[in-house]
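Asker: Chains as they are written, first to last, in numbering that gives the first Met the number 0: chain A, 0 to 233; chain B, 0 to 853.
Because the hints were derived from the structure by calculation, they are not lab data.
As the structure is a prediction and not an experimental result, all values here were calculated from the model.
Glycine is no exception: its CB is placed at the ideal position from the N, C-alpha and C atoms.
Treat the hints with care, as some may be off.
[Said to hold, decoys possible] Among the chain A residues that face chain B by a calculated CB cut under 7 Å, a handful are:
no. : residue
1   : Arg-82
2   : Pro-97
3   : Leu-116
4   : Arg-121
5   : Arg-122
6   : His-138
So the chains spell out like this:
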Amino acid sequence: MSTLELRDVVKHYASGIETVKAVDGVSLSIAGGEFVALYGPSGSGKTTLLMLAAALATPDSGTVSFDGRILGELSERDSALYRRRDVGFVFQAFHLMPHTSALDNATIKLTGDGCTLREGRRRALPWLERVGLGARAEHTPEQLSMGERQRIAIARALANEPRLLLADEPTGNLDSKRGHEILVLLRDICHERGIPGLLVTHDLDAAALVDRVHTLRDGHMADGTDPELAATSP
Amino acid sequence: MKSPLNPAIAGVRLSMLAHLYRARLRSHAVQELLAGSGIAVGVALVLGVLVANASLTGSAAELVDQLVGSARLQLAARSQQGFDQQLLSATRALPGVAAAAPVLRENIAVLGPHGRRQSVQLIGVTAAVVRLGGFATRELGLGGFRFTSGLILPASVADAVGTEPGGSVTVHAFGTAHPATVAVVLKSPPFGVLAASPVAVTLLSSAQRLTGLQGRVTQVLVRPRPGADRLVAAELSRLAAGRVSVVAADQELSLLAQAVQPNDESTTLFAAISVMVGFLLALNAMLLTVPERRRFVAELRMQGYDWRQIVVLLSFQATVLGVAASAVGVLLGAELSRAFLHRIPAYLTTAFPIGSQQTLQLGTVALAVGCGVLATMLASLSPALDLRPGRASDAVFRDRSGGGEVLAPGTPTKLAVLCLALLVAITAAVLIAPGLTIVGGMALALAALLVIPSMFARAARVLRWAGERVPSSSLIIVVSELRAVTTRSVALAGIAALAVYGSVAIGGARADLLRGLDTNFTEYLHTAQLWVTTGGNDLTTNAFEAPGAASAVAHAPGVASVRVYQGGFLDVGRRRMWIVARPPGDATPIPASQLLRGNLRQATRLVRGGGWAAISQGFASEHHLAPGSRFTLPTPSGEAPLRVAAITTNLGWSPGAVIISSLDYRRYWQTAQPSALEVNLRPGVSEAAGRRAVVQALGPSAGLGVQTFRERQAQYAADSRQGLYALSEITSLLLIAAALAVASALSAAIWQRRARLASLKIHGYDTGQLWRALLLESTIVLGIGCAVGALAGIYGHALASRWLRLQTGFPAPFELGLGRVLLTLALLAAIALAVIALPGLLAARSPARASLQE
Numbered sequence: 000m001s002t003l004e005l006r007d008v009v010k011h012y013a014s015g016i017e018t019v020k021a022v023d024g025v026s027l028s029i030a031g032g033e034f035v036a037l038y039g040p041s042g043s044g045k046t047t048l049l050m051l052a053a054a055l056a057t058p059d060s061g062t063v064s065f066d067g068r069i070l071g072e073l074s075e076r077d078s079a080l081y082r083r084r085d086v087g088f089v090f091q092a093f094h095l096m097p098h099t100s101a102l103d104n105a106t107i108k109l110t111g112d113g114c115t116l117r118e119g120r121r122r123a124l125p126w127l128e129r130v131g132l133g134a135r136a137e138h139t140p141e142q143l144s145m146g147e148r149q150r151i152a153i154a155r156a157l158a159n160e161p162r163l164l165l166a167d168e169p170t171g172n173l174d175s176k177r178g179h180e181i182l183v184l185l186r187d188i189c190h191e192r193g194i195p196g197l198l199v200t201h202d203l204d205a206a207a208l209v210d211r212v213h214t215l216r217d218g219h220m221a222d223g224t225d226p227e228l229a230a231t232s233p
Numbered sequence: 000m001k002s003p004l005n006p007a008i009a010g011v012r013l014s015m016l017a018h019l020y021r022a023r024l025r026s027h028a029v030q031e032l033l034a035g036s037g038i039a040v041g042v043a044l045v046l047g048v049l050v051a052n053a054s055l056t057g058s059a060a061e062l063v064d065q066l067v068g069s070a071r072l073q074l075a076a077r078s079q080q081g082f083d084q085q086l087l088s089a090t091r092a093l094p095g096v097a098a099a100a101p102v103l104r105e106n107i108a109v110l111g112p113h114g115r116r117q118s119v120q121l122i123g124v125t126a127a128v129v130r131l132g133g134f135a136t137r138e139l140g141l142g143g144f145r146f147t148s149g150l151i152l153p154a155s156v157a158d159a160v161g162t163e164p165g166g167s168v169t170v171h172a173f174g175t176a177h178p179a180t181v182a183v184v185l186k187s188p189p190f191g192v193l194a195a196s197p198v199a200v201t202l203l204s205s206a207q208r209l210t211g212l213q214g215r216v217t218q219v220l221v222r223p224r225p226g227a228d229r230l231v232a233a234e235l236s237r238l239a240a241g242r243v244s245v246v247a248a249d250q251e252l253s254l255l256a257q258a259v260q261p262n263d264e265s266t267t268l269f270a271a272i273s274v275m276v277g278f279l280l281a282l283n284a285m286l287l288t289v290p291e292r293r294r295f296v297a298e299l300r301m302q303g304y305d306w307r308q309i310v311v312l313l314s315f316q317a318t319v320l321g322v323a324a325s326a327v328g329v330l331l332g333a334e335l336s337r338a339f340l341h342r343i344p345a346y347l348t349t350a351f352p353i354g355s356q357q358t359l360q361l362g363t364v365a366l367a368v369g370c371g372v373l374a375t376m377l378a379s380l381s382p383a384l385d386l387r388p389g390r391a392s393d394a395v396f397r398d399r400s401g402g403g404e405v406l407a408p409g410t411p412t413k414l415a416v417l418c419l420a421l422l423v424a425i426t427a428a429v430l431i432a433p434g435l436t437i438v439g440g441m442a443l444a445l446a447a448l449l450v451i452p453s454m455f456a457r458a459a460r461v462l463r464w465a466g467e468r469v470p471s472s473s474l475i476i477v478v479s480e481l482r483a484v485t486t487r488s489v490a491l492a493g494i495a496a497l498a499v500y501g502s503v504a505i506g507g508a509r510a511d512l513l514r515g516l517d518t519n520f521t522e523y524l525h526t527a528q529l530w531v532t533t534g535g536n537d538l539t540t541n542a543f544e545a546p547g548a549a550s551a552v553a554h555a556p557g558v559a560s561v562r563v564y565q566g567g568f569l570d571v572g573r574r575r576m577w578i579v580a581r582p583p584g585d586a587t588p589i590p591a592s593q594l595l596r597g598n599l600r601q602a603t604r605l606v607r608g609g610g611w612a613a614i615s616q617g618f619a620s621e622h623h624l625a626p627g628s629r630f631t632l633p634t635p636s637g638e639a640p641l642r643v644a645a646i647t648t649n650l651g652w653s654p655g656a657v658i659i660s661s662l663d664y665r666r667y668w669q670t671a672q673p674s675a676l677e678v679n680l681r682p683g684v685s686e687a688a689g690r691r692a693v694v695q696a697l698g699p700s701a702g703l704g705v706q707t708f709r710e711r712q713a714q715y716a717a718d719s720r721q722g723l724y725a726l727s728e729i730t731s732l733l734l735i736a737a738a739l740a741v742a743s744a745l746s747a748a749i750w751q752r753r754a755r756l757a758s759l760k761i762h763g764y765d766t767g768q769l770w771r772a773l774l775l776e777s778t779i780v781l782g783i784g785c786a787v788g789a790l791a792g793i794y795g796h797a798l799a800s801r802w803l804r805l806q807t808g809f810p811a812p813f814e815l816g817l818g819r820v821l822l823t824l825a826l827l828a829a830i831a832l833a834v835i836a837l838p839g840l841l842a843a844r845s846p847a848r849a850s851l852q853e
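Bound-form chain A, shown alone (with noise of 0.2 Å):
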């Protein structure tokens, strides 16, 4: 089974004349079909994590693999095949094509690898039947609700059967039972496909649903300080 592996991993980003250390010596390791949050307030550096995770940054120092391969030593081309092949991302904001069938927005990942749009939708139906959303496959986003929405997003994440789940904020713009049952969705996917999903979040509540949470604070671990943190884990 895959492995997301992050060893002291260490990013720093120059803001005016002053350095902000995004991630400072983070350590991580999400196994598969485990799926784990990571916890922290705005600014924390989580999202910095997402991308080191996604090959979207490379770190300064330590390193970040997958299945033993490490992705700061991936070329641009690989690293766009990685997450095109690999990777599945669920947004906070969705970023689905408005005026286009939820079936056409989950083939975008499969498009964008030499899939015609017919191969496409042949794949991607039936994970946006997963979602429960295969009736209502030809509607638009605009015709749906945020929590449709969301699972549109999900289908399309996962319509290249990736190795690998990353979710920001998924729940950001959803209500808490909406929100609650996305999370559900994705924790089950990890576990039935038995791949490591890492999910972003600033929502306590989330961290009731994963197998794992995981506090940032200021860059570092902070795992068990946060009293907060401690009376939701499961």
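Using the hints provided, position chain B relative to the given structure of chain A.
Answerer: Relative to the frame of chain A, chain B by itself:
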């Protein structure tokens, strides 16, 4: 703070409105500058075209006003030879005449010390014009300036020939060269339009000496006493005895207005297209700011502002931006018009004193500014749509469509149906009344805009069909954007459509006209191998006094025959007609390609024999004449009775032409003075050798020029193109402005989609894939606009050429010119795509972080 200077509108103080706008300027200076620049360019385009359109008659009107002063009537000569000056004293003696002044006006050429030549109208006046209050008093200020026998030249003429006050020039008048001195050079200011007009002013006696017309004048300007106009007009008619015309003092303006009418109408169509393009340009520029303004509106609502306050705020900001940007646009447009669009058609200056002074009228400025402000206001309404009842205050924060309102699903079809209805209406209207073509042309431009949304929907279907079958990472992205038919994408394609429409329609009609004129003038000139004229006159209307010239040329080595061609302008009603009096020996007095009605062989025989004429269609229609009809022309010897032998085009002179035999001309105009000598050479003699021999035979003192058929043909071709210069310039300007506008608006639209593009990167799309998708999308948006514009343009071209033939009488045979259409499309698309390539690449390189929340 309560103050009348600081009123509250819907509860918001003016000072608060100003404060909020200052804050906006500080925080979004670049965005506001971009929007302002777009509006300014749009307004500049509108103003530039409108000013260029209005200046032609505007400057002539000022000049005529300066010449005639308070005169309300005039005696006007019917030929260049004028009439006896004795009529002046007889006029002054008439009851009811308050003042009268003699004027002699003749076309001459002024040559500078280095041989630089400028055709001008010589105006000979006396101090009597002071009493009429014309330019002699107001502009030359007779109190301080004393008339001399030298020439008073406007600065434009002095500069053109390279002379200065006190300098010597040579005047070519009536085929004779005379030395003259430049007394004064009029500079602008204070002489205004006079300083920019192609004229030379001198004392009447000097003008008579230079032209050899001693004791003759071409006008007597008359100011009747108050209430005596009718009496004076009747007395003048009695005095004129049918040999001199009695007309309004500013009659020339009516004649000019009629002459430039086709030009005015065609540039009106262009001006209308430019107004639409300028409007869309300004609208697009404003749409750049829409997403950000929508967020601003949402924040204000959350702060407790009500809808009225927000509308006031948006309107205030739009008005300030619109007015400020439009003011800059006015300055730009005036400069644009001065630098690129304002060139006087040479063919008109031979018949009218048209100056190069640019006239900026308040109404024109108001129209241009109005367009700018209206576009700004309309685009500002888009954020206000968030104020609709039931819409959440913060809805914008969840909407990432990126600017421009999405059209309702059924709207493209409804607009397409409307377009179809409009096309049917245009076709019917133009078929029934060709005079409605210009209005039809504007409606056609509107129809082109209406069909664009449905074209987007169709293109999306085709591309999606292709995407089903062809593996492509770009197609689905493009399909998605095309399906989201926004006001912005329609406006984008609309600019391309209008620019291509204008270029294809007007460019096509222009090409047809040029082809028609070239054919016409080739036939017109083909009667002789060499032409001896006063030179510089493109319609061969300047007579010359050269008693021995024809005989000298006839005896030149290599010359086979010499024929005397005569011609000139004749004011008939509201038309300044071109009189072509061909010698009986001319092989083809009537150009075969220009014949519209009548039998060529029979008409040629009748015209040669005298008493018959070939007349232009416009003149024939106006007087209900057909082949065989009788009519009269007001000649210097009285009304000349003639019959219609044939009906022709206008031979390239918009008021129309009359072809008669030179025998008739001599009889009715009472002059043997030629306006050209047509020379044919013996077989085997080259045109160059013949030309040298004729120049030698004329001698060095002759103020005459000798041109081979090809040289004169080339001159006519150049003058035709120069006459249509404004149309060519506006076409180019429209295309360039449209290409840049489309490119900048597309770039901005792409830039505002960075977050969505960045999300595709997270899905594994690389920069190259995104860039290709953006270029494909831009190509298709542009392609739709260009294709719609081209189709509408081809139809518009056919209508315009028909209008030229039927309404103006110009020779303009329709020819599709597919190469020109494709070149126009390629040019616009290439410029726009080249310009958006870089911003497209930058947007494609957006960091993936842009799509994530931190």
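Asker: Does each hint hold? Answer for all of them.
Answerer: Taking the hints in turn, this is what the structure says about them:
| no. | hint | result |
| --- | --- | --- |
| 1 | Arg-82 | 4 Å, holds |
| 2 | Pro-97 | 5 Å, holds |
| 3 | Leu-116 | 4 Å, holds |
| 4 | Arg-121 | 11 Å, violated |
| 5 | Arg-122 | 13 Å, violated |
| 6 | His-138 | 13 Å, violated |
In this structure, the earlier hints numbered 4, 5, 6 are contradicted, and the remaining ones agree with it.
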